[in-house]
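Dock chains W and Z against the given chain S, drawing on the hints supplied.
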Amino acid sequence: MLQSLQEDLLHDIKSKDLRVIIISAEGPVFCSGHDLKELSSEEDAKHHSKVFELCAEVMTLIQKLPVPVIAKVNGLATAAGCQLVASCDIAVASEKSQFATPGVNIGLFCSTPGVALGRSLPRKVALEMLFTGEPLSAQEALMHGLVSKVVPEDKLEEETMKISHKICKSSKSVLALGKATFYRQMTQDLDTAYKITAQVMVDNLTLRDGQEGIEAFIQKRKPVWSHSLDQKK
Amino acid sequence: MLQSLQEDLLHDIKSKDLRVIIISAEGPVFCSGHDLKELSSEEDAKHHSKVFELCAEVMTLIQKLPVPVIAKVNGLATAAGCQLVASCDIAVASEKSQFATPGVNIGLFCSTPGVALGRSLPRKVALEMLFTGEPLSAQEALMHGLVSKVVPEDKLEEETMKISHKICKSSKSVLALGKATFYRQMTQDLDTAYKITAQVMVDNLTLRDGQEGIEAFIQKRKPVWSHSLDQKK
Amino acid sequence: MLQSLQEDLLHDIKSKDLRVIIISAEGPVFCSGHDLKELSSEEDAKHHSKVFELCAEVMTLIQKLPVPVIAKVNGLATAAGCQLVASCDIAVASEKSQFATPGVNIGLFCSTPGVALGRSLPRKVALEMLFTGEPLSAQEALMHGLVSKVVPEDKLEEETMKISHKICKSSKSVLALGKATFYRQMTQDLDTAYKITAQVMVDNLTLRDGQEGIEAFIQKRKPVWSHSLDQKK
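Protein chains in written order, with this note's numbering: chain S, 775 to 1007; chain W, 775 to 1007; chain Z, 775 to 1007.
No lab work stands behind these hints, which were simulated from the structure alone.
Among the clues, some could well be false.
Identical copies look the same in the list; a pair holds intra-copy or inter-copy alike.
The list that follows gives simulated cross-link-like pairs (lysine-lysine, PhoX-like), each with its CA atoms no further than 25 Å apart [unchecked claim]: (1) K940 <-> K996; (2) K870 <-> K824; (3) K811 <-> K1006; (4) K811 <-> K996; (5) K994 <-> K940; (6) K811 <-> K788; (7) K969 <-> K838; (8) K820 <-> K940; (9) K936 <-> K870; (10) K969 <-> K820; (11) K824 <-> K943; (12) K824 <-> K969; (13) K994 <-> K969; (14) K870 <-> K790; (15) K811 <-> K943; (16) K1006 <-> K820; (17) K838 <-> K996; (18) K790 <-> K936; (19) K1006 <-> K969.
Here the structure is a predicted model, which means the values were calculated and not measured.
For reference, chain S alone in the conformation it holds in the complex:
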């Protein structure tokens, strides 16, 4: 499953036509994390290691992709499934969705999900989830920043599409530059972050799509994007 997700995430990643990735699921569960049979004593530590390394690889891959990745959650997201939601750029959830890290119930603390949760939620909320395994409601997930939008179940498709269409109206190359820069500067102190981003703003302006956008705005017309990393003529 992790391999298949990784392949899907990377599929056609350089195509100009790929502009946004939506991760969704069929049925009442968004994702319930690892297959416990893979983690049982029938497999050795070397195999367990491989599973968790691949998992971390897929989770961190999401931030490295040049397009926004949206989690569209309609149901229960637990353990590594909750980590997957926390690892996406944007997360839209239906009101019935729930989020939990119940590893403690089976003697396997959700330590890897804790990496993503600890960076998406206030510490106390993350620790209560990790220590008790009890679920967060969709509204609580919104209040605490695990998801960025909550809508009634019958509006989930519409809202996800609204966000996606909005993203598709922008230049792919500008979004790619912006996403990579955002994650890069977030690991830096304030002064370094501003040094990096001030230079990126200047570089962004040298892109054909950077100048096209500003010219179109001044001329009060719709921009026509090249979606390429070409410099302006």
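Frame of chain S; chains W and Z shown alone:
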């Protein structure tokens, strides 16, 4: 008081029977921080230093303990008392509870409480509290992540016990490993955090309680924990 | 505009009478960020560089000022205008206010605003704003920590003044020490943060206003501040 709190926190800490610590108070005030007489000019800078160092020691001790520490707040938590709430792993508050850092009123900025607040609250909320000394309501504290749950006063005991009982259903050794790992990885960059936690997951699986939990889940029975750090047989 | 804002922020900064700075605007827009004509191809990269460097300088200056800086927002704050709100110490907004980073619409990703947003908002909320350009309502901004208070439009002046008057009741030197310390410790690990602030608490107590405040409290009278960095007699 700080010494007594430190001793209480460390009391029987290695006992298998100690599974969770709840910090609560009698009366309308949860904790109002330092005794100002200890900070007056009757004592010298050396004594003041000792007080603040001990305070920081107690606050950071909480994260190092092998069991979850819950603040059960029913009333006013101010200054180092507010810092104490912010320093716990989990905080449950009654609706009437309030949280403030009013040091500015007495010419002593809550700089040490600011360490815990700045890591528990959005920066603007923390600064408004620190600059004005005005209290946050329980609901505001919940919205901003200073506490993880707010309930009516007559449900405070019940809710705290519910969380505690949930915690007591898990393996002590697994929780201890999980708590230590959570705080450890939170100080690292994303890649290092995943390296650390992927290895911890593998180690967790070698614990007797790690394999017992998974086997019990697959066999659809209740797990029987050893609560020890024994490796699986 | 940036130069004028910088001059205004620094105006009379050492005066004892300057105790708080409020940044507000006339009309329906709080601030809409850069003048796009300055960023068009009519200007060269060197000029663009200068603009973004000055912008970062002004944004980071706010944290360095010895008095609290309040954004009083009544309307739309976009792009670098949204960054300005995020960069203030405190932000009070009217209910009709909105916050957006719509750079993607004109092919110029809000990378510099992203520095301030990424440090004020949960990551998913910041990224949805940056990727879609869609506005956050005042209530959403409050829930997610971008502003610290939201009030009806006709109470905005009153609320901002209430906060300001509260600030003016404190010692300028104590607030200055507290503000500088808060930002300084926030970039450190927990142990270092406590080492720094424990020492600052001791230093704070040696200030004339530090001892005056505590004495006044013990004597149950109003403190009389010197607002100076004088040591106690």
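>> As a check of your reading, is K969 near K820 (CA-CA no more than 25 Å) within one copy, between copies, both or neither?
In response: Between copies only: 15 Å across, 43 Å inside.
> Within a copy, between copies, both or neither: where do K811 and K943 come within 25 Å Cα-Cα?
Replying inline: between (44 Å within a copy, 23 Å between copies)
>> My question is about K870 and K790: at a cut-off of 25 Å on alpha-carbon distance, are they close within one copy, between copies, both, or neither?
In response: Neither: 35 Å inside a chain and 39 Å across chains, both beyond 25 Å.
> Between K994 and K940, at a C-alpha cutoff of 25 Å, which is it: within one copy, between copies, both, or neither?
Replying inline: So K994 and K940 pass the 25 Å test inside one copy only (19 Å; across, 47 Å).
>> Within a copy, between copies, both or neither: which one fits K870 and K824 at a CA-CA cutoff of 25 Å?
In response: Result: close neither inside a copy nor across copies, 34 Å intra and 50 Å inter.
>> Reference check for the pair K994 and K969, CA-CA at most 25 Å: within, between, both, or neither?
In response: neither (32 Å within a copy, 50 Å between copies)
> Should K824 paired with K969 be assigned to within, between, both, or neither, using CA atoms and 25 Å as the limit?
Replying inline: For K824 and K969, the Cα distance is within 25 Å only across copies (12 Å; inside one copy 38 Å).
> How would you label the pair K820, K940 (within, between, both, or neither) given a Cα cut-off of 25 Å?
Replying inline: Neither, since 44 Å and 32 Å both go past 25 Å.
> Between the shortest in-copy and the shortest cross-copy C-alpha distance, which are at most 25 Å for K1006 and K820: within, between, both, or neither?
Replying inline: Between copies only: 16 Å across, 51 Å inside.
>> One pair to classify: K1006 and K969, alpha carbons no more than 25 Å apart. Within, between, both, or neither?
In response: within (23 Å within a copy, 42 Å between copies)
> For K969 vs K838, is the C-alpha pair at or below 25 Å within one copy, between two copies, both, or neither?
Replying inline: Classified as both; 21 Å inside a copy, 17 Å across copies.
> Are the CA atoms of K811 and K1006 at most 25 Å apart within a copy, between copies, both, or neither?
Replying inline: between (55 Å within a copy, 17 Å between copies)
Violation of the numbered hints given earlier is confined to hints 2, 6, 8, 11, 13, 14 and 17; the remaining hints are satisfied by the structure.
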